[in-house]
Each structure stands twice: as C-alpha cells, then as structure tokens.
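2 protein chains.
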Amino acid sequence: MAHEHLDDVKHYLLDLQERLCAGLAEADGVAQFHEDSWTRAEGGGGRSRVMTNGGVFEKGGVNYSHVYGAQLPPSATAARPELAGRSFHAVGVSWVLHPKNPHVPTSHGNVRFFIAEKAGEEPVWWFGGGIDLTPFYPVVEDVVHWHQVAHAACQPFGDDVYPRYKAWCDEYFYLKHRDETRGVGGLFFDDLNDGDFADCFALQRAVGDSFLDAYIPIVERRKNDAWGERERDFQLYRRGRYVEFNLVWDRGTLFGLQSGGRTESILMSMPPMARWEYAFEPQPGSAEARLHDFLQPRDWLDEFAGKTAQDTSGELS
Amino acid sequence: MAHEHLDDVKHYLLDLQERLCAGLAEADGVAQFHEDSWTRAEGGGGRSRVMTNGGVFEKGGVNYSHVYGAQLPPSATAARPELAGRSFHAVGVSWVLHPKNPHVPTSHGNVRFFIAEKAGEEPVWWFGGGIDLTPFYPVVEDVVHWHQVAHAACQPFGDDVYPRYKAWCDEYFYLKHRDETRGVGGLFFDDLNDGDFADCFALQRAVGDSFLDAYIPIVERRKNDAWGERERDFQLYRRGRYVEFNLVWDRGTLFGLQSGGRTESILMSMPPMARWEYAFEPQPGSAEARLHDFLQPRDWLDEFAGKTAQDTSGELS
Numbered sequence: 001m002a003h004e005h006l007d008d009v010k011h012y013l014l015d016l017q018e019r020l021c022a023g024l025a026e027a028d029g030v031a032q033f034h035e036d037s038w039t040r041a042e043g044g045g046g047r048s049r050v051m052t053n054g055g056v057f058e059k060g061g062v063n064y065s066h067v068y069g070a071q072l073p074p075s076a077t078a079a080r081p082e083l084a085g086r087s088f089h090a091v092g093v094s095w096v097l098h099p100k101n102p103h104v105p106t107s108h109g110n111v112r113f114f115i116a117e118k119a120g121e122e123p124v125w126w127f128g129g130g131i132d133l134t135p136f137y138p139v140v141e142d143v144v145h146w147h148q149v150a151h152a153a154c155q156p157f158g159d160d161v162y163p164r165y166k167a168w169c170d171e172y173f174y175l176k177h178r179d180e181t182r183g184v185g186g187l188f189f190d191d192l193n194d195g196d197f198a199d200c201f202a203l204q205r206a207v208g209d210s211f212l213d214a215y216i217p218i219v220e221r222r223k224n225d226a227w228g229e230r231e232r233d234f235q236l237y238r239r240g241r242y243v244e245f246n247l248v249w250d251r252g253t254l255f256g257l258q259s260g261g262r263t264e265s266i267l268m269s270m271p272p273m274a275r276w277e278y279a280f281e282p283q284p285g286s287a288e289a290r291l292h293d294f295l296q297p298r299d300w301l302d303e304f305a306g307k308t309a310q311d312t313s314g315e316l317s
Numbered sequence: 001m002a003h004e005h006l007d008d009v010k011h012y013l014l015d016l017q018e019r020l021c022a023g024l025a026e027a028d029g030v031a032q033f034h035e036d037s038w039t040r041a042e043g044g045g046g047r048s049r050v051m052t053n054g055g056v057f058e059k060g061g062v063n064y065s066h067v068y069g070a071q072l073p074p075s076a077t078a079a080r081p082e083l084a085g086r087s088f089h090a091v092g093v094s095w096v097l098h099p100k101n102p103h104v105p106t107s108h109g110n111v112r113f114f115i116a117e118k119a120g121e122e123p124v125w126w127f128g129g130g131i132d133l134t135p136f137y138p139v140v141e142d143v144v145h146w147h148q149v150a151h152a153a154c155q156p157f158g159d160d161v162y163p164r165y166k167a168w169c170d171e172y173f174y175l176k177h178r179d180e181t182r183g184v185g186g187l188f189f190d191d192l193n194d195g196d197f198a199d200c201f202a203l204q205r206a207v208g209d210s211f212l213d214a215y216i217p218i219v220e221r222r223k224n225d226a227w228g229e230r231e232r233d234f235q236l237y238r239r240g241r242y243v244e245f246n247l248v249w250d251r252g253t254l255f256g257l258q259s260g261g262r263t264e265s266i267l268m269s270m271p272p273m274a275r276w277e278y279a280f281e282p283q284p285g286s287a288e289a290r291l292h293d294f295l296q297p298r299d300w301l302d303e304f305a306g307k308t309a310q311d312t313s314g315e316l317s
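For the record, the sequence lines run as chains P and F. Going by our numbering, the first sequence opens with residue 1, and the numbers climb by one from there. Going by our numbering, the second sequence opens with residue 1, and the numbers climb by one from there.
Read the hints as simulated data drawn from the structure, not as lab findings. Some hints here could point you the wrong way.
Copies of one chain are not kept apart here, so a pair can be met inside one copy or by any two copies together.
Stated by the list, open to error - Lysine to aspartate or glutamate pairs mimicking EDC-like chemistry, simulated, CA-CA at most 20 angstroms apart:
no.: 1; residue 1: K176; residue 2: E264
no.: 2; residue 1: K100; residue 2: D233
no.: 3; residue 1: K176; residue 2: D250
no.: 4; residue 1: K307; residue 2: E121
no.: 5; residue 1: K176; residue 2: E303
no.: 6; residue 1: K10; residue 2: D179
no.: 7; residue 1: K176; residue 2: E42
no.: 8; residue 1: K100; residue 2: E26
no.: 9; residue 1: K100; residue 2: E288
no.: 10; residue 1: K10; residue 2: D191
no.: 11; residue 1: K118; residue 2: E42
no.: 12; residue 1: K307; residue 2: E180
no.: 13; residue 1: K118; residue 2: E82
no.: 14; residue 1: K176; residue 2: D293
no.: 15; residue 1: K10; residue 2: D209
no.: 16; residue 1: K10; residue 2: D36
no.: 17; residue 1: K100; residue 2: E42
no.: 18; residue 1: K118; residue 2: D199
Here the structure is a predicted model, which is why all the values come from computation and not from measurement.
With the hints as constraints, model all of the structure from the sequences given.
This is how it looks when you write it as structure tokens:
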C-alpha cells in the first residue's frame, strides 16, 4: 500500500521535473538544462538538472531525489519521537532560479513526500512543499499575481489553506538576524497527513503545478526591463541575504550538509555570484530602499488585489 | 581582582586593534580603516574598523568588542554547566583580510577573554584565540613561514603548545561537507585558564602580536604577482567556501547571528564578492587543482622547513 503511494508520488515528481525544466527552458529561450545523476551509498540517489548563463537565468536548477535508509535521521524525528528507528523513504523535487536581470525575481519551490515504516505497523506518510518569490525591485502587480495563483491552487482544499500556508511561508523564510523575510513569500507546508492520501497528494500536486503559472508571467513582464551596474550591484548584494538564509536558517540545507547529503545538489540553491558590503544602507527614497517595505509579512491579496496597476505603482502605504 | 584582569586585557586589545590597523594600512598603501562605534542594548558595544577597495585589500576589518550581561549565553555554558547563570564579560578583537590579488591569501585572527562572575564566589576567566591563513594559489614557502612564526610565538610557553594549537586549528576550520580544511591552518585555542593569569595573558598576547609578522611578509611577496580573469574567478569560487564555513560551521558566527549580536560586525568576515559554480572541478594538473593538497592537515614544519624554496616550488609529495 505505502509503496503504491510512493510510486504514485515518484511518478508525479519525475513528470513535474520534466515539465518545470521544459517551461523554464522555454522562458529562457537560450540555454538548456544539463542532467547529472548521482547515487547515495546509504540508499537512493537523484537526478539534478542545472542551467547556467541562459538568456534569462544566470543559474537555475531543478533537482529530483529519492533517498532511503534503515533509520529516519534525528532531525526528522525531533518533533515526532514516535517515529524514531523507523526505516524511511524521502522523495522530492527542489528548484531555484537566479535570473540575470535584477528586475526578474529569484524564485524557489519544493515538493516532498516521506514514508516511515516499521514491521508489523502501518506506514506513516506525510507531504511537504511550497513556492516562494524573492524580488530585488518588487512590483506590487507581480506580487499580487504571485499570491493570486498561490491562492487559487489552495482554494479547492478549503478557505483556510492559503492563509495558513501563506503565514507559514512568511514565518519559515525569515532572517532573524536581519529582521526581514527572504522575499514576498508564497506557500509553505510540512507534515501534511490529515485526511486521506488522495486529498493530500492532490494538494501537493496543486502547489507543484502552480509554479509555472505563478512565475513565468512575472519573468515575461520583467525580463526586458533595462538595468545597469547599479541594479546589478544591488541584486548581488541582496543575493548575499539569500546565501545567509540558506546557510544559517534553512533547516533542509543545514540538515543536508551536516548529515552527508550530496553537497553540490544541496548547494545548487546558491546564487552564481553574491556580494557583501559592510553597513550598506540604500539612499532614502531610492528604488533600492523600497524593497524594505516588501520584506515584512503583508496580506497582499486583501491590501492590493482590488487595485489597478496604476494604484499600486508607487510606494506601499 | 577580576576587573583588573579585564582592564589589562582591554588595554591590550585596544592597542592591538590600533597596531593591526596601522600595520595593515601601511601594507595596503592606499586605503585607510574607517571606524564605526556601536552599543548593545543588553550591555557593552564595540569599535569596528573596516577598509574597502584598498591597494592590496579588497576588504578588511579589525573589530574590537566588549559585551557583558547578567547571564552567560547557553552556548557558552553548554560545555561548562557549572557556569550557567553567572554574569559575564566578553572582550575580543577579530580581524579578516580579503585581498584583491588572488595570489595573496585571505587571513583571519581573533583573541578573546571571558570572565564569569557570581556573588560570593571566585570569578572564572579564560582566554581564546588564534590566527589562520587561507590561500588560493598556495606557495609552500609562504605556508612554512606562516607556521614558523606561529611556532615561535608558542615556543616560550612549552614545546607542546604549537602542536596542540596547530592541530586544534586544523580541526576547527574544517568543512565537513567538503572534506577539506578552510585553509592551511595556524593556531586555535579556547578555554585557556590553566596556570596563572599572567602566563595565559602572555600567551594570548604572543598569538595576537604574531599576526603581522606572520602575514605581512606573505602579502609583500605576492601582492605584485600577475593575475587575470582566470585567477579572479577561482578566488571568487574559493571565497564561496569561506562563506560556507563561516555561515554553516563557525560557532562564533552562528552564535552571534542567532542570539542577537550586531549583524554587520559579525558578517564583516564575509568576502566582498563570492561565487558558486555547480559541480566545478579544476583541470587535473592545473594551478587550481594544486590547492586541494594544501587543504588537509599537514605537518608543514617537519615536512618542509628544512627545504629550500626551490625544493618546494613544485607539487606537494
């Protein structure tokens, strides 16, 4: 039973990887993803796909992995001691896009599925995932579109799903040492196993399938916006914050690095280039200073969804 | 009594900060350090000095801080539960140099002193510190010089000091997820409180005072070496590893960021620019491939100290 579930999820994830790569390569228009398969001594492996120096994407990766072992790692059982000692399968797809044009946001997503098994007992399974957006020069219209697609993906599963996963995303992608979110959020969920398998799986698919609809229109709108050294400098500076989040706060990255995962696949999420500048502060009132107002949790749909692009072209209130 | 010790150490550290800045600015020849003082709501503050875009140093920082509080932070008492609940003073100087020329190594050092107090009991104090070197295009002669100065600084305190602190440095500055050291090591020590205060303080001063003698001759030798885009690319790539160490493994950085230290001073250690490249491998036999052999613990003095520069100009055996 559980392995039928696993097979179903794997089938979906491998297909999702194909569709994400096809959609992103089409949006890029120049570069292709290159595939790199790997195996893990303790069990399992992955299929990494990476694109560099594209027409739109300076670096992009869409990685599938399926790892398994005789014992769930401690980090997976810290909150669920009843699962300690169970064997496990973990399968997922993660993706990160680092565009070249500073007007195109960076974006990330992940969908994952776990099964923990023990002889003579029912298998325990759960889903996790999400999508999130990290603009450098944010446009309210884009952020609202992003959240509208996220909202629409969740709506069939109940009115409370989008608000919960939206809030969870704001909470998860938060740099405590900077007192700011990583970006403008999106969706994040974990430990999803209430209701039956089919419903949970359908929700995970809805989130995974929403990504291209959420992201590609923003890429198309911004990819030809003019930029120069100033915008590039600010993008590289802000990418430093992305590095800080991933290496200091992201539980998945830290667990992977500290427990012997495949380093190059885990750090596929790193930007191709980033910079740090001591005590940098954008000029008050500048385009760069605007970003700050976007990096706190806001209710994008309630605040802005009814407004026209013209209404929202200026500062946030 | 304890606060006389504290005053003595502070006096030394503030003077060390002056001397380091003066020596480094002289070696740079172009830029000066800019000072930035800050205070900490819970008690204390610091005096950060940062240089950017110098003749030699793309970025350099020499930071003094003195923080105190009513309770030692948990990370400081994890290994010493008997100190939990004590009030504390922590005072130190940290420095990091990121040269522009890829032939000049990055370098770092730190000296620190703690006092933990409790009414009616003797104060507990301890010293920590070290210096370490991170070359991109290492030269054996430079590494041997570096370790000779480190050895000479420790020698007056016993034959066992250099080997112990050298091994501790290799162990501390280690990227487990890359299976390599951060650089070619140097000295690292912590919890130093055996013997009397004067001896421990003298050892700390010997380590702090050794830095300019260890580093400046290497800077002078390499600062005019020719380099181009290839060497710059490799330097930026390797600086990515420096970021990975500092954000994933360095206990001081992580503790500071997670417990509300001054972020800009803590992250002064970040390189001004760094890059990541998926699955990068240097060409076998290239100058870049040589670095790998330097990033495992080696006994530099026993292996190489008797050899001439000519003997050691080729590959490591």
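Hints versus structure:
1. K176 / E264: between (26 angstroms within a copy, 13 angstroms between copies)
2. K100 / D233: Both. Shortest intra-copy (12 angstroms) and inter-copy (18 angstroms) distances satisfy the 20 angstroms Cα cut-off.
3. K176 / D250: This pair counts as both: shortest intra-copy Cα distance 12 angstroms, inter-copy 18 angstroms.
4. K307 / E121: neither (54 angstroms within a copy, 66 angstroms between copies)
5. K176 / E303: neither (25 angstroms within a copy, 46 angstroms between copies)
6. K10 / D179: neither (37 angstroms within a copy, 31 angstroms between copies)
7. K176 / E42: between (34 angstroms within a copy, 18 angstroms between copies)
8. K100 / E26: within (16 angstroms within a copy, 39 angstroms between copies)
9. K100 / E288: The answer is within: 17 angstroms in one copy meets 20 angstroms, while 27 angstroms across copies does not.
10. K10 / D191: So K10 and D191 pass the 20 angstroms test inside one copy only (18 angstroms; across, 51 angstroms).
11. K118 / E42: For K118 and E42, the Cα distance is within 20 angstroms only inside one copy (18 angstroms; across copies 50 angstroms).
12. K307 / E180: Neither way: K307 and E180 sit 25 angstroms apart in one copy and 54 angstroms across, limit 20 angstroms.
13. K118 / E82: Answer is within: at 11 angstroms inside a copy they meet the 20 angstroms cutoff, but 41 angstroms across does not.
14. K176 / D293: within (16 angstroms within a copy, 38 angstroms between copies)
15. K10 / D209: within (15 angstroms within a copy, 59 angstroms between copies)
16. K10 / D36: Close inside one copy (18 angstroms), not across copies (54 angstroms); limit 20 angstroms.
17. K100 / E42: neither (37 angstroms within a copy, 42 angstroms between copies)
18. K118 / D199: Result: close neither inside a copy nor across copies, 24 angstroms intra and 58 angstroms inter.
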